[in-house]
Every structure is written in C-alpha cells, then in structure tokens.
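Position chain B against the provided structure of chain A, taking the given hints into account.
So the sequence lines, in the order shown, correspond to chains A and B. Using our numbering, you'd call the opening residue of the first sequence number 457 and step up by one each time. Using our numbering, you'd call the opening residue of the second sequence number 16 and step up by one each time.
Calculated directly from the structure, the hints in this document are not laboratory data. Heads up, a few of these hints could be off.
Just a few of them, taken from the derived set where beta-carbon distance is under 8 Å, the chain A residues facing chain B [said to hold, decoys possible]:
1. 483
2. 485
3. 487
4. 495
5. 498
6. 499
7. 515
8. 518
9. 525
In silico DSS-like pairs for lysine-lysine, Cα to Cα no more than 30 Å straight-line [unchecked claim]:
10. 535/A / 354/B
11. 526/A / 524/B
12. 445/B / 543/B
13. 466/A / 543/B
Where is the CB? At the ideal position from N, CA and C, for every residue including glycine.
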Amino acid sequence: MKYEMTPQEKRLARTAWAVGLLVLLVIVLVDLGVHHHAHFEQDGLTFDTLPEFYPIFGFGSAFTLIIVAKTLAIALKRKDTFYADD
Amino acid sequence: MQMTDFPPALILLSGALLIPAAKGRLRWALAFALPVLALADAWQVITVGAESHVAFLNMTLNPVHVHPATPVFATVFAIMVLGGVLYAFNQKREHELPAACVYAGGALGVLFCGDLVSMFIFWEVMTLGSTVLIWSGRREDSQGAGLRYFGMHAFGGVLLLMGIIIVINQRIHAGDADPLAFRHFDEMVQGWSTLGWDSAGMWLILIGMLVNAGAPPFSSWIPDSYPQGSASGTVILSAFTTKTAVFTLMTAFAGVEVVIYFGLYMAIYGVVYGILENDIRRLLSYSLVNQVGFMLVGIGLGTHLAIDGAAGHAFAHIIYKALLFMATGSVLWATGRTKMNQLGGLYRTMPITMWCLIIGGLSISGFPLTSGFTSKSMVVQAITDEAARMAALGQSHNHLIVTWILFEAATAGVFIDACVKLTWFVFFQKDSGLRPPEVPWNMRAAMIGFAGICVFLGIFPGPLYAILPYQGEAAEYAKVVYSVDHLTLMLGMLLFAGLSFFVLLPLLKRTESITLDLDWIWRRFIPKFWHDVVTPLLEGLDRAHKTLLEWIPARFTEDPSLPPSVRRRLPGSWAVSVPVLLITVMLLTYLLIYFWLLPTTT
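The following block holds chain A by itself, in its conformation from the complex (with noise of 0.2 Å):
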C-alpha cells in the first residue's frame, strides 16, 4: 500500500536536504582554509596534506565499498529463507 506525504511533510523534506547539502558546502568551503598534517611524511607522502582530500576520500571509499559490495551480492545474494528451506 502507497502513502502520500502531505504537503507539510514535503516540505519538511525539502528543508531538510535543503540544509544537508548546504551542510556539506560550508564543509567544503572550511576544508579550503585548514591545513591537515601529513600522516606519513617520513616516507614523503603527502597525498593528505591536498585540499579536499578527506571529503573526496570520504566519498570515494564508500562509493567502492557499496560497489564492492553489490558485486560481491551477484553470486553471494540469496532469498533470506535460504537457510530455513531446508
């Protein structure tokens, strides 16, 4: 059975993906003026010292874990009575 969010509700979701990217922004914005300390500068990495990296390595591991993930459920999924039909 579907629901219909009233017109208030609707509202309220907006306000608040409104706020959620504008949350990021300003994130972004911050992340511009901060200087994060090397990790691993004896070894002459620097790769976290570079604006944005953190935002950007953020999304990038969990974009590849969902990935990893949903092709990982190709062979591994099954219905979850599986164990159950026996």
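What follows is chain B alone, placed relative to chain A:
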C-alpha cells in the same frame, strides 16, 4: 577470604540463583542491586590490587587479579548490566534475567582471572549463559541459532583448553615458577612467525580467543545468533562475548602482528556485509564485527597508545552498540518487525527512539562530539606514530600505511551502514503506514541514559582516559583530539561518505535477502556433501560388507559339521563400526598430538 579479594563475578553469578527465587519487586531490586554491588567490589579489588589464592584439585587458582585493562572493562560491564536491566524492566521472559546474570558474571570473571584455568572456567560459564539468553529470545530461529552458537563456542573452547594444557605443560617443563599464570605471551611477540610445535599451545589459545572475537572464518556466528535474542536479550548479548575476547587478546597477545590483519579483514567485512543486509539487527551485528576489527588492529599494534585506544574504544563501543540494539529493539517491540523493506516513516511517532539511534550511529562512526570520536582516533594516531617510529629505525612499515588507509575507509563505510542507512530505512524512506507509539518509559530511560554517556564521553573523555591501561598516553592524546585538523578531517570524511549513500540510493533498494558467508561451508556444503556423497559411499560399502559377511557364514551355516553356535553368527553392522572407527581415529589423533607436542625432557 576478605571483602577485598572476593571475586566480583560471584556477586553477579549469585543472581542466577537468587533472581528465580525472588518474586515481584524483590526480583527487580536484586537485578538492579547486583551490578552495583559487583562494580563496588570490582573497584575495591582494583584499588587494593588484591590477589586471591584458591586451592582446586592439585592447583592453586587465582580468580582475583587485576590486569592493566581490568578497570576499564569491569566498569563498562557493570554499567552495561545496569542499563540492560533497566531496558528489560517491562519484559516478562523468566529465563532472561538469570541467564544474563550468568553471562555477565562469566564475563566479569574473565577480567579478574590471574590464571588460565579459572579463565577457561569463566569463559565456558559465559557460553552457557549466552546460549540460554539466545534460546529465551523465542524468535523464529532462536533454537537453531542458539545451538549453532553453542557449537561454535564449544569448538573455540576446546581449542582454548587444548592450548592452555599445552602451555601449562611447557611451562612446568621449563621450570616456570607460576605455570598457570594468565599473562602476556611475550614469547609469541618475539617470534610469532615461527609456526613450530613449540608455539602450538599459544596458537591454539590465540585461535580460541579469535573465535569469540568473531574473527574470520568464524565471523558469521555474530549475525547468525545475536539477532535471535529478544529485544532486551540482544542488548545484553552484544556486550560481553566479543569484548571479553578483546580483553583477553589485549592481555595475552598485544603486539602480535597477525592480529592486525584479522582486525582489518573484520573492519572491511563488517561494512561490506552490512551494506547488503536487510534486517536491522543483523546489520548491527555486522557493524559489531567491524568495530571489534578496529580494536584488534590496536591490539596487534600493541603500543601503549594503541592499547589505550582499543580499550577505550571497547568501553565506548559497548555503550553505543547497546544503545543501537536498544533502539532497534524498540522498533521490534513497537512494530514486531526487523526488516527494513517493511519499515519506514517511523520518525512521526518514535522521535526519541530515532534520536537515540542517530546518536548511537554517530558514535559508532566516530563523529565529533560523540564517544567514538575520542576513543577510536587513538588507534589511528597509534598507527601513524608506530609508522614514524619504524621509519626512524629504518624498518619497513608499508603495511601500516595500508592499515591506515583501510582503517579510515572502513570508518567512512560504517557511517553509511550503521548510521545513515539504518536511520534512513527505518525512520524515513517511505511511509510504511505504521504509527506505533513510543516505547515504555524504562526503555526510553535506558536509551536516553546511554545516549547521554555517548555524548558526555565525546565532550569530556577525561574520566574514560583516566581508567585506561596506560593513562599517561591517553592524557597526552587528549590535548590534540579536538584540534581543527582532526575535527574537519572527520567531518569532511564522514559527511561526504553519507553523500555517496544518497547518490547510490537506487542501488541500495531493500529486498528480503541475506548474503552467503563462510558459514555456508558448515551449514550447507558439509551436510550436503555428507548426505549426497559420504552416505551413499558408506551405504555401498555397507552392502559390500554385508554381502561378504553373509557369504562367509553362509559357507559355514551350510556346513553341518560345525556346531550351531558358529552357524548362527550374524553379519556385523555399520551402526556400531562407524562410531568405533571415528573414536579410534580421534584417539589416535590425540595420541599423536600428545607425543609430538609435549617436550620429551622431564
């Protein structure tokens, strides 16, 4: 025995006898009083640094001993029981409270064990209590899951016992003054890569502990069994088995490098399987494996800061994990459902549960202002510190760079899993038409209390840092935990991980499915193999055997010159001979192990 060396575990264990005998208010008064008394006793023992010596068989056991990590674990265990009892206050399952007392009592017992034998005894007490707790969940698969859980832990327990016996024997032969002692296996750190018979005992103990921690290939027992508890039972279940394993690994195997890799596998595995999971409490079980993985990385590193991080994270984890299981338990209690595809839109009527779940989810992800932020980041710091130290010594440390990257990726992953995904599919997503009322006051109070602890420790980590194994390191770390660098780093990483969830949302549509795991081998493949291959083979052999046995006596029974007693001889049967064969093989294996493992010098 004085009050200062009374094992705190016995106070909780006594609940198993007292609570069933009590009725009504007294029953609950006892349930609330016992963890408080146990905590008071634990701290008395810790302050005095008491030891206790009890003669048992031919040995002197020491069930009261304070390890460096005992204070932090004992404190959180007691808080956990108290919160769990409050949350369970309105439930009527008769076996659940006594079982919880046995379970938590066993766990508390392990924390105070000075010797390997009493550790093993408490270890098994814990298994018994938790199995009953799963059974009393009375959900669809509680019985089967409880049995599988018991089998898994009996298996781990046997490995542990074998290891303990071998280690004690080796110590006696080496002239050790205290052969029973439960202490760090320094030998293993010196040469863990030597996989010889000399270290077999330690390896068996390590594997036995890793089984309880949910390490591969046995991680699946956690999502298999914990979601089968009742709403309140699972809250208790989530706290003790894996964290007791973390404690024992920390005490005996800190700095054993191989533990890092087990931890990394678990951290990634928990996220990947969690992404695919549809059941809210199975999802939390996967993220539990992920979090224990983070602790194992700290234990494998073994530096003071890493151990502090792992212990502090265990404290924070027990609280927010219980909070998450309380919130999902409330959803189960209110709607009778745990599948995300059947939920949605609950924000309208269950706002308190929703905010508590969000706070738990933010804590598990290490979001600023929550306990995960101040505890887990110590392990991250320890990884980079250790890399710098090894670099200064000119040692290869590329594995630590990889560890850092995977650790942070798994942190981003668990945020989309246990925080964004859970909140979205349960409380928003679509309107499922469900309008359940908010849960009773005691469940709300327990959730709000634990959410309060999560936020408090996120803002004022001082009291937690003060009871860690090596407080000095943590106090030093407290100065940088809220640097602008660290704060913006985590915010950027987590929030943009959250964005990727919504970008890929069409891929994440919920279906009623599970993801096969390695337990397929012993739940499906081996039974099928036995049924389809081994049984026909045995039956074929049986027929051949019978034909042979019938043919030979037939030669005699038809021979009138033989006495009737010989002629009446019946053919043999596999019903007896297969078990006899199996037992013989088992005894032979045991004999071989016994001869090879034990030093020959006396």
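Hint check, residue 485/A versus chain B [nearest Cβ-Cβ separation less than 8 Å]: Because about 11 Å separates residue 485/A from the closest Cβ in chain B, which is outside the 8 Å limit, the hint is violated.
Closest C-beta approach of residue 487/A to chain B relative to 8 Å, hint status: 5 Å, holds
Interface hint status, residue 515/A versus chain B (Cβ within 8 Å): 4 Å, holds
Residue 499/A as chain B interface residue, shortest Cβ-Cβ below 8 Å: 6 Å, holds
Pairwise hint evaluation, residue 524/B against residue 526/A, where the allowed Cα distance is 30 Å at most: The hint holds at about 11 Å.
Hinted pair residue 535/A and residue 354/B, Cα distance within 30 Å: Holds, at roughly 13 Å.
Restraint satisfaction for residue 495/A [CB to CB of chain B, less than 8 Å]: It holds, given that the least Cβ distance between residue 495/A and chain B is near 5 Å, below 8 Å.
Hinted pair residue 445/B and residue 543/B, Cα distance within 30 Å: Between residue 445/B and residue 543/B the Cα gap is close to 41 Å, so the pair fails against 30 Å, i.e. violated.
Hint consistency between residue 466/A and residue 543/B [alpha-carbon to alpha-carbon, up to 30 Å]: The given pair, whose Cα atoms are some 53 Å apart, is violated under the 30 Å limit.
Interface hint status, residue 525/A versus chain B (Cβ within 8 Å): 4 Å, holds
Restraint satisfaction for residue 518/A [CB to CB of chain B, less than 8 Å]: Result: holds, 4 Å to nearest chain B Cβ.
Closest C-beta approach of residue 483/A to chain B relative to 8 Å, hint status: 5 Å, holds
Hints 2, 12, 13 from the earlier list are contradicted by this structure; the remaining hints agree with it.
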